[in-house]
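*Asks:* Here is how the chains run, residue by residue.
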Amino acid sequence: MSFETPEERRYLESHEWALETDGTVRVGITDFAQDELGDVVFVELPDEGDDLTQEDAFGVVESIKAVSDLYAPVSGEVTAINEDLFDAPELVNDDPYGDGWMLEIEASDTDELDELLTAEEYEDQIA
Amino acid sequence: MPLQTPPLRGIHDERGAKFTEFGGWDMPVEFDSIREEHAAVREDAGIFDVSHMGEIHVTGPDATTLMNRLTTNDVSALEVGDSQYAAITDEEGVIIDDTVIYRLPDEDGEATYLFVPNAGTDEATHERWVEHRNEWGLEATVDNRTDEYAMFAVQGPDSGNLVTEAVEESIADVGRFEATDVTVEGVECWMGRTGYTGEDGYEFVLPWSEAETVWSAFDCQPCGLGARDTLRLEAGFVLAGQDFDYESDPRTPYEAGIGFTVKLDTEFVGRDALERVEAEGVEEKLVGFRLIDRGIPRHGYDITNTESRVIGTVTSGTMSPTLEAPIGLGYVPVEYAEPGTTFRVVVRGRSKKARVETTPFIDTK
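Protein chains in written order, with my numbering: chain A, 1 to 127; chain B, 1 to 365.
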């Protein structure tokens, strides 16, 4: 089975993606991750204003069968969370790179993104 | 040790199943989505490959005595074609395993049984039967046929129609907890109607070599162990190794809520201990609960009272696909076991409110 891995994003080995626009980094989990998890039924996210450190756990995504921690791709302040996921966690399955996004971080240092995997490197990891 | 594989491992793989280790077997956990598979069984029908379950065959002049002495229920009450749920207990009345016992047609004029221990326990169970048979000097043949038989479960409100179409004989007279010989696509199977998921359902025991023929005879949603867990939990059924575990969480049938399988007027290993437990009452009981706060209870999470004192443990938990609510089972002191009682479940360090509910969580059948 092949999974979507958009090229313009960066990836963590723990299957989060990061998309930067003007210093703001949007975060979600990958197509591969949502498929591995199965039906997502619960997402726990930090509050807006919380400070995150790169690679620290910031929340949890749960499917019917599994619990998985979520890790921050960059350090910074949480400026938005996707509250739609509280009522419709299945958006993570339906559209992991779109409506299933999880949060936005005002990055304190966008250079941290360079430490993450490219789409090609991530694809090699899940191959 | 390499994992044992069900006869249709390759077929399931081609169908896109994901696999998991369960009881030493490499079993499909999910074919399409647990939610879809769960809904198919609640609304129409689904088929499960449960070939990881054990099959032990017992016959001979003392077969009934042997079965009665090693299981908690009254095997002598079974007529040919009846089946029965029972616990297997040790001298202390602690559950070693739970099982379904079928009385097969007599062989050479002797009562004959097939019983189904849980995955990975068939060898130990076979040994237990043989040891006790020898110790008591009983005349019975005990064969472990786990490697010879595949087992499928067709479950759901539409299962009766599917089975009627697939089976050559009429099944109209086969009631709940009854079983009979049937033919599917020329393959002779033993078919029981015990309801593995709480829905109406039919279980087929058949020769391993004929697995593909019989599996293909049922045109319905294939289901994995993931849907098994959510369906069984909604039905309030205990899962061996999770809701009781002989090694890590020893429990009596009375604690586990399967006291109805204990017939104290029969003689079996653990009877005297269970008579005392029954007379004195249990200190802890398995209860069903629903989480009121947001979160999902999982196996191993602490249950506390409102003062944060740990009073019990969650044994099973999930987001119920039917109720769209987080539900679970767990052991708590009896004073917390009444439906409506509230306690707390510690979900990753956070205390969440929960309320005891009557099981099954949903109306089935």
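Accuracy of the hints is not assured; some may be wrong.
Said to hold, decoys possible - Residues from chain A shown here face chain B by an in silico Cβ test under 8 Å; the list is partial:
# : residue
1 : Leu19
2 : Arg26
3 : Phe42
4 : Leu45
5 : Pro46
6 : Asp56
7 : Glu62
8 : Leu117
9 : Ile126
To be clear, the hints were calculated from the coordinates, so they are not data collected in a lab. Built from N, CA and C at the ideal position, the CB exists for glycine as well.
*Asks:* Hint by hint, which ones does this structure get wrong, listed from lowest number up?
*Replies:* 1, 2, 4, 5, 6, 8 and 9
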